[in-house]
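Based on the provided sequences and hints, a complete structural model is requested.
These protein sequence lines are chains C and B, in that order.
The numbers in the working numbering rise by one with no breaks, and the one at position 5 of the first sequence is 5.
The numbers in the working numbering rise by one with no breaks, and the one at position 40 of the second sequence is 40.
If you're looking for bench data, these hints aren't it; they were derived computationally from the structure.
Accuracy of the hints is not assured; some may be wrong.
Here are the computed lysine-lysine pairs in the BS3-like style, where the Cα-Cα straight-line distance is at most 27 Å [said to hold, decoys possible]:
no.	chain 1	residue 1	chain 2	residue 2
1	B	LYS9	B	LYS71
2	B	LYS71	C	LYS42
3	B	LYS14	B	LYS57
4	C	LYS56	C	LYS71
5	B	LYS57	B	LYS9
6	C	LYS42	B	LYS9
7	B	LYS14	C	LYS42
8	B	LYS57	C	LYS42
9	B	LYS71	B	LYS57
10	C	LYS56	C	LYS68
Chain B stretches covered by chain C per the calculated footprint, using a threshold of three residues with CB under 8 Å from any CB of chain C [unchecked claim]:
no.	region
11	41-49
12	104-114
Yeah, the Cβ is synthetic: ideal placement off N, Cα and C, and Gly gets one too.
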Amino acid sequence: GESVGLHLPTLSVQEGDNSIINCAYSNSASDYFIWYKQESGKGPQFIIDIRSNMDKRQGQRVTVLLNKTVKHLSLQIAATQPGDSAVYFCAENVADSSYKLIFGSGTRLLVRP
Amino acid sequence: NAGVTQTPKFQVLKTGQSMTLQCAQDMNHNSMYWYRQDPGMGLRLIYYSASEGTTDKGEVPNGYNVSRLNKREFSLRLESAAPSQTSVYFCASSERVRAGGNQPQHFGDGTRLSIL
Chain C
1 GESVGLHLPT LSVQEGDNSI INCAYSNSAS DYFIWYKQES GKGPQFIIDI
51 RSNMDKRQGQ RVTVLLNKTV KHLSLQIAAT QPGDSAVYFC AENVADSSYK
101 LIFGSGTRLL VRP
Chain B
1 NAGVTQTPKF QVLKTGQSMT LQCAQDMNHN SMYWYRQDPG MGLRLIYYSA
51 SEGTTDKGEV PNGYNVSRLN KREFSLRLES AAPSQTSVYF CASSERVRAG
101 GNQPQHFGDG TRLSIL
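This is how it looks when you write it as structure tokens:
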């Protein structure tokens, strides 16, 4: 409900450490997953995506892991920087005839200097 | 390259007033979307347009209408605003809906709408 949404899970990490943000997705028929970063007052910004025929994909300082058996997605950020502080959302796309991107409720990442 | 541009950035309305939110993209994308985001929550799809000339309902369409004016522009209209529609509205676009593989959606910076 509303009260759950107002209290985002928060991950606090030391600058330079690695961060791992987790997401449980809801639909076993989902075949495409995206991680977005949202800074205060801004729209979601695409970070990385992965299709269901893969279990790992790497970008610049980020890695996404997909475990379809337990419907779990994670985002790993290497050498976390102050500029990484934001809310991170995972989103899943259900493989049906209509397009639908379902967003998770988000995790707030705080980077301590 | 501006990407997705939304206007206005902020708006305050009284209950019962009407309002159209504008969205334009310059990436030549076929598909466009409207979402709302309530405090501390993820985004919920209101309407989408898979291609020019088509629109479909999303998860929370009640109280809204949309128009895909051309390939670049997709507007969202509130005919009679209600306090429950106080939210931040995001427009997004993507290369195509399906067929051959999904592509990520790219978002504008939102319209912050308050209904008194």
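Tested hints:
no. : hint               : in the structure
1   : B/LYS9 to B/LYS71  : holds (22 Å)
2   : B/LYS71 to C/LYS42 : holds (24 Å)
3   : B/LYS14 to B/LYS57 : holds (25 Å)
4   : C/LYS56 to C/LYS71 : holds (14 Å)
5   : B/LYS57 to B/LYS9  : holds (24 Å)
6   : C/LYS42 to B/LYS9  : holds (11 Å)
7   : B/LYS14 to C/LYS42 : holds (25 Å)
8   : B/LYS57 to C/LYS42 : holds (25 Å)
9   : B/LYS71 to B/LYS57 : holds (18 Å)
10  : C/LYS56 to C/LYS68 : holds (11 Å)
11  : 41-49              : holds (count 6)
12  : 104-114            : holds (count 7)
Violated hints are absent here; each numbered hint is respected by the structure.
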